[in-house]
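Colleague: If you want the building blocks of each chain, they are given just below.
Number of protein chains: 4
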Amino acid sequence: MNHTLESLRKELDRINFQLLNLIAQRGSIVKEIGEIKKKQSVNKFDPIRERKMLDQIIEHNKGPFSDDTVRHLFKQIFKASLELQQEEHHKTLLVSRKRRPLDTVVRIGDEEIGGNNDPIVIAGPCSVESEEQVRKVAQVLKQQGLIFLRGGAYKPRTSPYDFQGLGEQGLEILRKVADEFHLKVVSEIVNPANLNSSVEYVDVIQIGARNMQNFELLKAAGSVQIPVLLKRGLSATIEEFLFAAEYIVSRGNNQVILCERGIRTYEKWTRNTLDISAVPILKKESHLPVIVDISHSTGRRDILDAIAKAALAAGADGLMVETHPDPAVALSDANQQINLTTFRELMKEIDRYNRLNTVKSDG
Amino acid sequence: MNHTLESLRKELDRINFQLLNLIAQRGSIVKEIGEIKKKQSVNKFDPIRERKMLDQIIEHNKGPFSDDTVRHLFKQIFKASLELQQEEHHKTLLVSRKRRPLDTVVRIGDEEIGGNNDPIVIAGPCSVESEEQVRKVAQVLKQQGLIFLRGGAYKPRTSPYDFQGLGEQGLEILRKVADEFHLKVVSEIVNPANLNSSVEYVDVIQIGARNMQNFELLKAAGSVQIPVLLKRGLSATIEEFLFAAEYIVSRGNNQVILCERGIRTYEKWTRNTLDISAVPILKKESHLPVIVDISHSTGRRDILDAIAKAALAAGADGLMVETHPDPAVALSDANQQINLTTFRELMKEIDRYNRLNTVKSDG
Amino acid sequence: MNHTLESLRKELDRINFQLLNLIAQRGSIVKEIGEIKKKQSVNKFDPIRERKMLDQIIEHNKGPFSDDTVRHLFKQIFKASLELQQEEHHKTLLVSRKRRPLDTVVRIGDEEIGGNNDPIVIAGPCSVESEEQVRKVAQVLKQQGLIFLRGGAYKPRTSPYDFQGLGEQGLEILRKVADEFHLKVVSEIVNPANLNSSVEYVDVIQIGARNMQNFELLKAAGSVQIPVLLKRGLSATIEEFLFAAEYIVSRGNNQVILCERGIRTYEKWTRNTLDISAVPILKKESHLPVIVDISHSTGRRDILDAIAKAALAAGADGLMVETHPDPAVALSDANQQINLTTFRELMKEIDRYNRLNTVKSDG
Amino acid sequence: MNHTLESLRKELDRINFQLLNLIAQRGSIVKEIGEIKKKQSVNKFDPIRERKMLDQIIEHNKGPFSDDTVRHLFKQIFKASLELQQEEHHKTLLVSRKRRPLDTVVRIGDEEIGGNNDPIVIAGPCSVESEEQVRKVAQVLKQQGLIFLRGGAYKPRTSPYDFQGLGEQGLEILRKVADEFHLKVVSEIVNPANLNSSVEYVDVIQIGARNMQNFELLKAAGSVQIPVLLKRGLSATIEEFLFAAEYIVSRGNNQVILCERGIRTYEKWTRNTLDISAVPILKKESHLPVIVDISHSTGRRDILDAIAKAALAAGADGLMVETHPDPAVALSDANQQINLTTFRELMKEIDRYNRLNTVKSDG
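Chains as they are written, first to last, in full-length UniProt numbering: chain A, 1 to 363; chain B, 1 to 363; chain C, 1 to 363; chain D, 1 to 363.
Some clues are possibly wrong.
Same chains, same names: a pair is fine if it fits in one copy or spans any two.
The calculated BS3-like cross-link candidates involving lysine-lysine, where the alpha carbons are at most 27 angstroms apart (straight line), are [stated by the list, open to error]:
#1 K52 / K10
#2 K136 / K184
#3 K98 / K37
#4 K52 / K79
#5 K10 / K37
#6 K79 / K10
#7 K268 / K75
#8 K284 / K219
#9 K142 / K176
#10 K31 / K62
#11 K219 / K98
#12 K10 / K31
#13 K10 / K62
#14 K98 / K268
#15 K348 / K136
#16 K268 / K284
These aren't lab readings, by the way, just hints derived from the structure by calculation.
Generate the whole structure from the sequences, applying the supplied hints.
Modeller: Laid out in structure tokens, this is it:
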């Protein structure tokens, strides 16, 4: 390296430190401004002021950078400064692990989901069709030592002419049968107006994929004192998923379970594409428990055991699976529900896997 | 062609006709069964009976087709037969052009959307922020001879910490300013509970993309007597979009405007990917008016005029566009709103295009 | 606004100007370093040096910004500085309009595509099947005053057992028939090894969607002196599409036509989703002509006229469409090719549209 | 159930059996025709004949089914009949497990991939940059008991101005270092013309995602006698992936390893979306070994261990991972490569997981 290059680089280093120094000074001032604004209850982000500053700076730009580049660089600096002011920042969402490093454990009576607890399995028919149907499933759950009985009473269906669920009658059946077998009920609620009354029947409120950005429902779910199982939207980003959870938690209900259930892609051999990477990412970004719906994410019975194990290996706190005494005659999702015999075999596989990989209790 | 091939083909033809004959007989019988069931109010689709028939058939299968192939063929035949029974069939959705060949014209006071009417433009800010802001926009709309003022009062936002709209106060501002300028108000409603009261303020209820499968909201919108502008969901198929409209129409409100607003894809240089093919497909499949939201579908100001013309060329009955007196300081979607000067230029381009292509009045 | 806020803001403004000043100084030094390196033929980007600088800076960071934020800000500053050095920068791609503001006009004999020329139509069968078939199409093209005959001789097919095209024999047929009718041949080449010899037969080399990132083929196409029609990849971003074109142009062949042909999405009612926004974006970002393949992008015959007009309204320099004397018996893409009668009607619609919208000759 | 319904159902059953009988007769005749055609070397699918048959049938249709429905049903019957004729049918692709129920084991010298063998790990830098770099990696591989060294010599890069790899020189480095440590070389070839000569240097030819449908390259890879690692395309369906493998196997090279590497979706927090369901589906549909590229599929270092375990749990026969002595200065994919320390930790995690789950040797 020749002399000139050497000295130019030294010059660069000097400038770098000056820049660092100035940026730090800038940050401190912006922070101070933020505190003043806080006292005055003024919105922290002031776009008019920002635009004026940018205009002034651009006016003074004499190169060598283009105005666009200068504008970009200062927007980055402004943004960083603004983030210093904002408690609402992404890093500090209530659902964020940066805000709360410890795992949230969701408690349903004596049962726990998340943290160091063994992975749970939530199972049951897609739709509640009759008391007999639910009882047959509940018996098998009990035999398998499972606790969580799922079943749809309010069914959000693409067509208004498809079976829409038994409604409140469905919830009554679930409650009755669950009490008989000492099980917990997980069931979807679709109307904010029904949330309060549903608490009589269900132990965990499910919010379905199509309602992940039904913000009115999320707000209502944040106001009840009962755990919420929130499914990722059909095409929601992981970030949008966390924001949806934040709607619930920020209203006061921190008992939220995140459920990855596959996303919509071009692939036709599966109903959805299970985004397995979402599991460890959600676990890293958030302290909430994460489960995987292996039925909706694949829509295929023939790969359930592989997917169940993959979900657990990826760190899921539990699984959700649809089972029906006679899937061929199910009123919804007939193709993806497994019968009770297959369900027992799947549970055997899952148990065997869990016994081998007692990862959590190790830690 | 040799003799054997010739005679084999004749044999094939004979079998084809016999098959046709049998399938027709089958259809007639199934139809008869359907009528009996109708009288008895029994659900037409009987999966247990279907499974038994399939089992019996497979039992008798001696090849050369595999059981899978035979099952597939008979499922197709069963399905065709069932469709003969069902009024609810896709082809006969209320929103389908097969059910109603003539264009539905949506009427808002003296104004009309769809049919042979000239394309309309719905414009206004993303969010209602103040009376002054809305009035500035309304003035320009009036100057341009436009009728439909849009503005968000309830804003469904990804983050609970983003500006959520002024709520009912926003609706009041819209109504007041619209009345001043004799404009019609288009605004989004997000909670079924607010639908009835909103009718006081808005002339067209908008249902947003995130709520396209909020079926409770759709049902509520089907029960009011006021036009509904339904936006396609972020990742909804065209079929799901039509089914969502069917939820509204089947409840008694046939004044529905479909709005293509772009779908979510991997492309990063646009906010969404405008599915331009959806416009002629929706026009063919349905009798409802179709408009295009050129702001959300692109998220880019620099291609609005090209996209506006493309939407009209594809057969859209109207456009929706976001404009703001000062986009840089807008409380939402600052990047995609155009200022009022650019809006006037865009309107000039659109007017020029419409004058050249007076396609509809020709027909 | 109180006194403190006022003075803090003044302080901020002062720091902003100091930052601007330092960043500009930094830019000038980096530029100087770049010139020295250029003389020494050293790669301009030196990741080790960059990492050392970052490490040093972070070491000196005493807050209030986190190390991550400081690292991010300096990376932005480094990147901007590096871009000052690089001619290869995105903004200055050879295909970029920033590099060449004037439209590139592609010349094929006396014919021209792009610039102020009227939109062209490239038509013909998906696959060349026989001389008779191609002649029937060529006759209609001639009657319609069209110049560009397309037809696949080498067919990239998903399955190895599908019809793979007639190969060189297909090219011979195209050339023979085209010469008879004074037409120009557009045909796909799939192997770099065949590019040189194909020049005998074809006037425009087509590079298909599946080969958009077959960089060896792109490089080879950059080395011949014959126009190239480059199709966007199945799931290529617009940016990747431009980079693929850059591979060709940077090798010395600037006669490139960009062809939007739809992208892969979840939607099932169209074969692909035509990304209509790509047309004006490509026209803005690049000086190359842009055409739209209305057959592949939709895969539906029933919306071709609407889509043709939308493409032209969006600013396309031409259209590509598949037509076959008897689509029902076509050896490939039977569903999307139109017969010659429908093709004539489509051309009538397109002509009528173009007559009404003589946009380009106005300017 | 009343008398009429009962008797109508009996009638239906009778017709079902007659239909079955006729369809079987039809199948036998078509099979016979197929054999005659085979002797005459005539293409089995005759679209003109099919259309004539359909036309005749429709002519005779007197309801109750619409012509469309009848056409659909007969097309299904024709298709099933045709499939009886075709050896090339999907179910009987050479890569299909229906064709070959036993696992294919790919052999590289004494090493084996697939079948009951323990999962393998292929590791190394994204690009070969220098002999030192490759040696550092090779040492760690050796220490870890690994056999397969990967490294890119020909790099397909989005931009023509990005580092394009060292080419043949890179292959020489790989070979030299691999020989030193008794490792096997896996490296990508991008040009059919280079395939034959590359055999001197590499033990497994990699075909990259961007070339999955570069059919000329696939054909060339089918003609060499060396294993091929085929990566799934950026947006390829699982079906297209299998067809791509079929191109290679049908040319005579059955030593193919399938590599899932993530697909392109809208999600932004990962580089691609790992389609974990593809692993068990590929294992069920095909007898070829399946591995997972955990670096490209996620693009994130922080979830590699979770994803590695998920891939193995899903049934993968191996993993591919990128590691670099100093990722920060890597000439490509700097963000997703892990350094050698992290690599050692990852291998420890993977080993631990494999020891716990000795699933394969159990069977």
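Colleague: State for each hint whether it applies.
Modeller: Against the structure, the hints:
In this assembly of identical chains, the alpha carbons of K52 and K10 lie at most 27 angstroms apart only when taken from different copies (13 angstroms versus 35 angstroms within one copy). In this homomeric assembly, K136 and K184 come within 27 angstroms of each other (Cα to Cα) only inside a single copy, at 16 angstroms, whereas the closest approach across copies is 55 angstroms. Taking the shortest alpha-carbon separations for K98 and K37, only the intra-copy value of 25 angstroms comes in at or below 27 angstroms, while the best inter-copy value is 43 angstroms. Both within a single protomer and between protomers do K52 and K79 lie at most 27 angstroms apart by alpha-carbon distance, with minima of 15 angstroms and 25 angstroms respectively.
Taking identical chains as interchangeable, the C-alpha atoms of K10 and K37 lie at most 27 angstroms apart only when they sit on different chains, with a minimum of 16 angstroms there against 41 angstroms within one chain. For a Cα distance limit of 27 angstroms, the shortest separation of K79 from K10 across copies, 19 angstroms, qualifies, whereas the shortest one inside one copy, 29 angstroms, does not. When the C-alpha separation of K268 and K75 is checked against a cutoff of 27 angstroms, the pair qualifies only between copies, where the shortest distance is 20 angstroms, while the shortest distance within a copy is 42 angstroms. In this homomeric assembly, K284 and K219 come within 27 angstroms of each other (Cα to Cα) only inside a single copy, at 25 angstroms, whereas the closest approach across copies is 39 angstroms.
In this assembly of identical chains, the alpha carbons of K142 and K176 lie at most 27 angstroms apart only when taken from the same copy (15 angstroms versus 62 angstroms across copies). Proximity of K31 and K62 under a CA criterion of 27 angstroms is satisfied inter-copy only: 15 angstroms between copies versus 29 angstroms inside one chain copy. Taking the shortest alpha-carbon separations for K219 and K98, only the intra-copy value of 23 angstroms comes in at or below 27 angstroms, while the best inter-copy value is 41 angstroms. In the homo-oligomer, the alpha carbons of K10 and K31 lie at most 27 angstroms apart only across protomers (15 angstroms), although the nearest pairing inside one protomer, at 32 angstroms, exceeds that limit.
Taking the shortest alpha-carbon separations for K10 and K62, both the intra-copy value of 24 angstroms and the inter-copy value of 22 angstroms come in at or below 27 angstroms. Proximity of K98 to K268 under the C-alpha cut-off of 27 angstroms is restricted to the inter-copy arrangement: shortest distance 20 angstroms between copies versus 38 angstroms within a copy. Proximity of K348 and K136 under a CA criterion of 27 angstroms is satisfied intra-copy only: 19 angstroms inside one chain copy versus 45 angstroms between copies. In this assembly of identical chains, K268 and K284 lie within 27 angstroms of each other by CA distance solely across copies; the values are 16 angstroms between and 30 angstroms within a copy.
When each numbered hint is compared with the structure, no violation occurs for any of them.
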